[in-house]
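There are 2 protein chains.
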Amino acid sequence: MKIALLGYGTVGRGVDQIISERVSEAEVTRILELPDRLTDARMTSDYDDIVDDSSVELVVECMGGLEPAHAFIMRALAAHKHVVTSNKAVVAAHLAEFISAAAQAGVSLYIEAAVGGGIPWIASIEKVRRIDEVTSFSGIMNGTTNYIVDAMRRQGAEFADVLARAQELGYAERDPSADIDGIDVKNKTIISAAVAFGVNCTPDLPVSGIRNLTKADLDLFAAHGRTVKLLGRGVRQGGRYAAAVEPVAVGEGTLEAQVPSNFNLMTLDATTVGELKFYGQGAGSLPTGNAIVQDVLDCASGTLRPTYDLSRALAYAPELLRSDYVVRTSAAVEGAEPFDEGALLVRDLAAADARALLARACETDHTSFMAALAQEG
Amino acid sequence: MKIALLGYGTVGRGVDQIISERVSEAEVTRILELPDRLTDARMTSDYDDIVDDSSVELVVECMGGLEPAHAFIMRALAAHKHVVTSNKAVVAAHLAEFISAAAQAGVSLYIEAAVGGGIPWIASIEKVRRIDEVTSFSGIMNGTTNYIVDAMRRQGAEFADVLARAQELGYAERDPSADIDGIDVKNKTIISAAVAFGVNCTPDLPVSGIRNLTKADLDLFAAHGRTVKLLGRGVRQGGRYAAAVEPVAVGEGTLEAQVPSNFNLMTLDATTVGELKFYGQGAGSLPTGNAIVQDVLDCASGTLRPTYDLSRALAYAPELLRSDYVVRTSAAVEGAEPFDEGALLVRDLAAADARALLARACETDHTSFMAALAQEG
Numbered sequence: 001m002k003i004a005l006l007g008y009g010t011v012g013r014g015v016d017q018i019i020s021e022r023v024s025e026a027e028v029t030r031i032l033e034l035p036d037r038l039t040d041a042r043m044t045s046d047y048d049d050i051v052d053d054s055s056v057e058l059v060v061e062c063m064g065g066l067e068p069a070h071a072f073i074m075r076a077l078a079a080h081k082h083v084v085t086s087n088k089a090v091v092a093a094h095l096a097e098f099i100s101a102a103a104q105a106g107v108s109l110y111i112e113a114a115v116g117g118g119i120p121w122i123a124s125i126e127k128v129r130r131i132d133e134v135t136s137f138s139g140i141m142n143g144t145t146n147y148i149v150d151a152m153r154r155q156g157a158e159f160a161d162v163l164a165r166a167q168e169l170g171y172a173e174r175d176p177s178a179d180i181d182g183i184d185v186k187n188k189t190i191i192s193a194a195v196a197f198g199v200n201c202t203p204d205l206p207v208s209g210i211r212n213l214t215k216a217d218l219d220l221f222a223a224h225g226r227t228v229k230l231l232g233r234g235v236r237q238g239g240r241y242a243a244a245v246e247p248v249a250v251g252e253g254t255l256e257a258q259v260p261s262n263f264n265l266m267t268l269d270a271t272t273v274g275e276l277k278f279y280g281q282g283a284g285s286l287p288t289g290n291a292i293v294q295d296v297l298d299c300a301s302g303t304l305r306p307t308y309d310l311s312r313a314l315a316y317a318p319e320l321l322r323s324d325y326v327v328r329t330s331a332a333v334e335g336a337e338p339f340d341e342g343a344l345l346v347r348d349l350a351a352a353d354a355r356a357l358l359a360r361a362c363e364t365d366h367t368s369f370m371a372a373l374a375q376e377g
Numbered sequence: 001m002k003i004a005l006l007g008y009g010t011v012g013r014g015v016d017q018i019i020s021e022r023v024s025e026a027e028v029t030r031i032l033e034l035p036d037r038l039t040d041a042r043m044t045s046d047y048d049d050i051v052d053d054s055s056v057e058l059v060v061e062c063m064g065g066l067e068p069a070h071a072f073i074m075r076a077l078a079a080h081k082h083v084v085t086s087n088k089a090v091v092a093a094h095l096a097e098f099i100s101a102a103a104q105a106g107v108s109l110y111i112e113a114a115v116g117g118g119i120p121w122i123a124s125i126e127k128v129r130r131i132d133e134v135t136s137f138s139g140i141m142n143g144t145t146n147y148i149v150d151a152m153r154r155q156g157a158e159f160a161d162v163l164a165r166a167q168e169l170g171y172a173e174r175d176p177s178a179d180i181d182g183i184d185v186k187n188k189t190i191i192s193a194a195v196a197f198g199v200n201c202t203p204d205l206p207v208s209g210i211r212n213l214t215k216a217d218l219d220l221f222a223a224h225g226r227t228v229k230l231l232g233r234g235v236r237q238g239g240r241y242a243a244a245v246e247p248v249a250v251g252e253g254t255l256e257a258q259v260p261s262n263f264n265l266m267t268l269d270a271t272t273v274g275e276l277k278f279y280g281q282g283a284g285s286l287p288t289g290n291a292i293v294q295d296v297l298d299c300a301s302g303t304l305r306p307t308y309d310l311s312r313a314l315a316y317a318p319e320l321l322r323s324d325y326v327v328r329t330s331a332a333v334e335g336a337e338p339f340d341e342g343a344l345l346v347r348d349l350a351a352a353d354a355r356a357l358l359a360r361a362c363e364t365d366h367t368s369f370m371a372a373l374a375q376e377g
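Respectively, the protein sequence lines represent chains A and B. Counting from 1, position 359 in the first sequence corresponds to residue 359 in full-length UniProt numbering; the numbering is continuous, with no gaps. Counting from 1, position 136 in the second sequence corresponds to residue 136 in full-length UniProt numbering; the numbering is continuous, with no gaps.
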């Protein structure tokens, strides 16, 4: 099968390397690159060259960003080409539109690499759903923030110092907002909820990040036998669902607490199989490239055609996700009780209400930090 | 697709329940049971009724044990029926024979449920191998022993008391030898090595269990920041491989250390995808039933035909698996140095040599216990 790569950054190069070294069923014959980077005979900067090439049966989009990725995917599908993408932002924003366009063109859309890098997360949810209902999911879905929190905790370092080091190592972007403010996890949570619950997940999720997390916060939670992880979570009950992204104070005796460096750990709960967890490299050239090539192989062999169906009429019910919250702030917080030195406890809040509470606290004290207390197992 | 169940114990009932409630693609039309337990119109005690029923396309074997399971599987394959089995003992002993008979009859053999219950372990290894070489694997593969060690550690209880409680709860058999002496893990390790490395794995693995583990042993390891888990492990280097089953003293900061109750956690390392871990219920009616029904669905839909191939000419090289070992014994141990109160350290031993050392120590002190020291991550 002849395939075209859109984008030749970290992930694109990983895909090209894996296919050329390890896969005989597929061949990268075209690569879309910027006009000043055409270093390879397969490269073009004109997308028409790819869309009009009838020998190209599959387009792999690993450019990132919303546009032109969205337009390019829609044109590929309209030209009856299968699409594999690792682009969480464009999938979170346009999954329903892509599914419908793919169905209309009689081709398939594959999104494994958009969430969890090399971890077979999307395929596992799809497989579980052949038998079970997924009742909830949660996960450490962002390697950058896990690296930061893990290094702060193991080395007793401050956020800014660890972030700088993560940027040096290439684990964090020069502008780290998408990671540390939870936007990346939000996109992955929307995609996970869509696939797990069969619903066109609302983009209107409560999202808090870890930008304000301090070493002192981690020390305080450690004194209570906990550490902090940024989690994406979703839950379904009957005809309703909710999802959210927020720092969660998990017990030190959980698997989540021990996830090291930039690894990811995703969990689902389902009717008969029970709780399943999947751990691995959530990003990187070869792991994410591997996930893309797995999708390419499914497509080339015709063995697996994903059947994402977002047509379930579930009501978005943010009140389903409730926790006790710890807020470290100098602002006054209504209904709060003391938790520990400088930190307050607010009981039984919906994630959306907790997000609003944090926003109000930040108006007075812009360094305020909040984490949900995970229920003890 | 019409299917027959061989055995109607915990797992067989789980399969029947899941298929009748959740799966339209398959129907259980025959069940093999003992003559005095024929409580259902589908039941027979005569296997000829099943083998001769040409409407039965798939036989699900969940009887356990070597015979007659082995003979029944061979007869089903010879009669051109697909086979799904959860029976680790018979698969570990006869996998190569089953694969060859299935190929000759033009049918498929499915073994997902034989290792890790509801965890998609075998299918994940197969999928990884489409692209990568698996270089090593390891895992908590036995829920009973994990339950025992976890309860001893969390409750500060002694082995015998926890075992008795596990037997009450149905987590442990009345004769617990297969679990606590590592035989169950040995079978799962042989199967994992076969699938991961593509080799007809030798049955001659070094195996130690946890029968002699005491609360004092766990306390001693805890003082060194470790706890003990019974692991099955395998490693491949070039044209050689090794595998072993033994207690391993893992760091408290690892995911393995935190695996609770009767859960399993299996890890593989592969070329491009890196390290992947899979966690879930390793046993039980519904989780293991779920794994069997996943195999049934693959078979019924024709989407996935496992391609187990054990024809790789790898040399069994037990010296590949080396660790430092801690031995708690009153026997004299050659080449040992002090580790801590009553415990010795022996450096850089092959697993097979460590097993021999433990056997010699047990001749003098039958309560001797030994664990490998996991390398710090």
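Hints were generated in silico from the structure; no laboratory data involved. One thing to keep in mind: the hints can contain errors.
For identical chains, the list gives no copy identity; a pair is met inside one copy or between any two copies.
Straight-line Cα separation of at most 20 Å, EDC-like style, residue types lysine to aspartate or glutamate; simulated pairs [stated by the list, open to error]:
| id | residue 1 | residue 2 |
| --- | --- | --- |
| 1 | K127 | D36 |
| 2 | K127 | D48 |
| 3 | K2 | E25 |
| 4 | K127 | E25 |
| 5 | K127 | E319 |
A quick look at each hint next to the structure:
no., hint, in the structure
1, K127 with D36, "neither (43 Å within a copy, 38 Å between copies)"
2, K127 with D48, "neither (36 Å within a copy, 34 Å between copies)"
3, K2 with E25, "within (9 Å within a copy, 34 Å between copies)"
4, K127 with E25, "between (24 Å within a copy, 15 Å between copies)"
5, K127 with E319, "neither (29 Å within a copy, 39 Å between copies)"
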